[in-house]
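**Q** Required output: the full structure, derived from the provided sequences and hints.
Top line first, the protein sequences correspond to chains G and V.
Heads up: the first sequence begins at 1 in this note's numbering, then just goes up one per residue.
Heads up: the second sequence begins at 1 in this note's numbering, then just goes up one per residue.
These aren't lab readings, by the way, just hints derived from the structure by calculation.
Take the hints with a grain of salt, since some may be wrong.
[Claimed, not checked] Here are some of the chain V residues that sit facing chain G, going by a computed Cβ distance under 7 Å: (1) 24; (2) 27; (3) 36; (4) 38; (5) 40; (6) 44; (7) 46; (8) 49; (9) 53; (10) 55; (11) 67.
[Unchecked claim] In silico DMTMM-like cross-links for lysine to aspartate or glutamate, where the CA-CA straight-line distance does not exceed 20 Å: (12) G:223 to V:59; (13) V:46 to G:227; (14) G:339 to V:73.
Here a beta-carbon is modelled for each residue, glycine too, at the ideal position from N, C-alpha and C.
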Amino acid sequence: MKKKFFLIGPPNSGKTALFNALTGMHFKSTNYPGVTVEQRTGKLKNYPDMELTDLPGLYSLNGQGIDEIITRDHILQNQQSKWINKNSDISTTGYDGIILILDSTRLNKSLYLALELKSLNLPILLALNMHDVATSRGQLVDLTRLAEFWKDGIWQGCAFRDDDIRELEQRIQEFNPKRITPLPFIKNQQDLEKILLPLNNADSIAEFFLNSDKMVNAILLKKISPDNISQRLDSILTHPIWGSCVLVVLLAIIFETLFKLSAPLQDGISSSFDWLSALLKSHYPPSDFINFLTEGVIAGVGSVVVFLPQIVLLFGMIILLEDSGYLSRVAFLCDSLFKRFGLPGTAVIPLLSGHACAIPAMMSARSMNQHSDRLTTILITPLMVCSARIPVFSLLIATLIPRDLYWGPLSYQGLTMLGLYLLGLITALITALLLKRVAFKSSARNLLMELPSYRTPRLKNLWVGLKNRSSAFLKKAGTIIFSLSLVLWFLSYYPRPALENGSAAASTENSYASKMGKSLAPLFAPLGFDWKMTAALIPSFAAREVMVSALATTFAIDDVESETGLTGLQTKIRETYPLSTIWALLLWFVFAPQCISTFAVMRRETNSWKWPIIVIAYTGGLAYLSAWMAKSFF
Amino acid sequence: MKAPTFQLTHVTRACDYLVVGISDNAPLDLKIRLSSHGLTPGSVVKLVRKGRWTPLLIEVRGGLLAISGQEAEHIQVSSPH
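**A** Structure representation (structure tokens):
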């Protein structure tokens, strides 16, 4: 029979890093609490008959956050829980044991959870992770003594060392407790309270800490020395003035780098697509099929893929900041500002994650304790500029602002991009304030958050993060964007009425796309959008990037002889539209409703269609209003 | 003699070691949340940052904890003997 184990531990103890190392999977693992918000299951790489479930972090069984409740309900096999999938094996057949991951550098804190779980007589293999960091700070644990306290099994090591992982696999193999079936556990609320009440009274809490201190004193041969580097860094980075200055400089560097470093790479990719297109045109006579390849596939998909370097650079820098432990300091610094808008500082983490994609960002709000804080964060996350908008922003900014225009050391292109991100954030905060004051009538819950120690970002995390993000982007380009580009090419190319000389008209003016765009034109006419822009807006609700490929395709069909590639597209847009219309399109995309999958996840997270509908209405309204203002006043 | 107690938010100087007490009228869920972070009556903390524009930063059980508003107001501290 397959053995099933739960991987649990306090937040930021390295559970996901261990889970990835044991199963060969590549989930996000970084340096701030609350990264894992849902359960994931995988098989041990070298022992496929053993199954591991990585659960969100928890400080105690009495935790109030949804992430903590998910883990508690799994441990206690709560049959009433809405967080356990009733069709999963775990809910019907139980599990074999718990692998409890503790941060070796924080034993005096994390042993509390170990003792709390032990009081329920659960079989627990104790895994002391981050042994390398603890050793480098002088800590020495007497494992023989610890084994006297902990008879189920102990492992000490580091998630990033292969030898240590092999040893942990061995320990899991040897760990052979009797299966915990769901039946003796929770069937109703009274059963749950019967277990939790004895754990959360003042006396039991004091006793757990007292026993944890006794245990630490008994097992530590040498105590850990203070983390002097983190203390020195925090004296600057958490300082209200110096810390804020560092944050502003870091943001400026990120957006400056985004344009400066990616430009040569983008030019290289763009030239490759141009070369391929020219090669096809020079070797084959003009035909519908060649037009399909050059203006549909290459111009459409190529115009989006060219933004890969910018996306990789942005994510690379975000991963480095997350992995260093700096992100929690940003939340700390922003707390006072966010509180004025009715949000706690912890909302910074989901909102910043929203710059990658709104879906995991909304899910990461599960770690917020107060319902109205969580709901508000979910509802404003679509206003954060997600990575799908980068191609649209980059194209339009480069069209509007020359590359060599500088304000001191900063380019106007980088500053404009930063401005658009800030515009999204400021609007999100104002919306949060309105929601909290008008809809929820509640103030922000105050901050109570652990700050992790700083550490050198791990190359493996950077590599895995970039690989995941790049492959997701290329997969999207090769599937959704490719399919939509083909549809758009077809709609823009056909029908082709015959001219007097017998050849087909080389214009999109009579195409299906033109008819479709023109039928909606009255709605978007006040914004200055022509039928090409209007027709491209519809598929961009499936993927933002399609706006770029749609414009590239329609311009390429209309003028096959013109300059192709990114520069050619920018020239065409500049020649076709007034500046006010380009600004209007840019602002439309700052606020426009996110893709369909975002709203499906929002429905799941809020358990109602009411909120996604409200968000679609207000983001759509904001997009229209801001685009109209840009058209009217620029 | 019992040591004088202050609200954590009223302590003026950082880098002091302080003994924690939780106010009696603190809500139960707050008591649970504080205790899960190691803040229980009698535990010793170090005040790392005390600022007007940022939350309080305290060192508790070897880790840094950021805390603000009502959460901090329910923590009473006294100097250790």
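**Q** Next, verify each hint and record whether it holds.
**A** Verification of the supplied hints:
no., hint, in the structure
1, 24, "violated, 11 Å"
2, 27, "violated, 11 Å"
3, 36, "holds, 4 Å"
4, 38, "holds, 5 Å"
5, 40, "holds, 6 Å"
6, 44, "violated, 11 Å"
7, 46, "violated, 10 Å"
8, 49, "holds, 6 Å"
9, 53, "holds, 4 Å"
10, 55, "holds, 5 Å"
11, 67, "holds, 5 Å"
12, G:223 to V:59, "holds, 17 Å"
13, V:46 to G:227, "holds, 14 Å"
14, G:339 to V:73, "holds, 16 Å"
Taken one by one, the earlier hints fail for this structure at numbers 1, 2, 6, 7, listed in ascending order.
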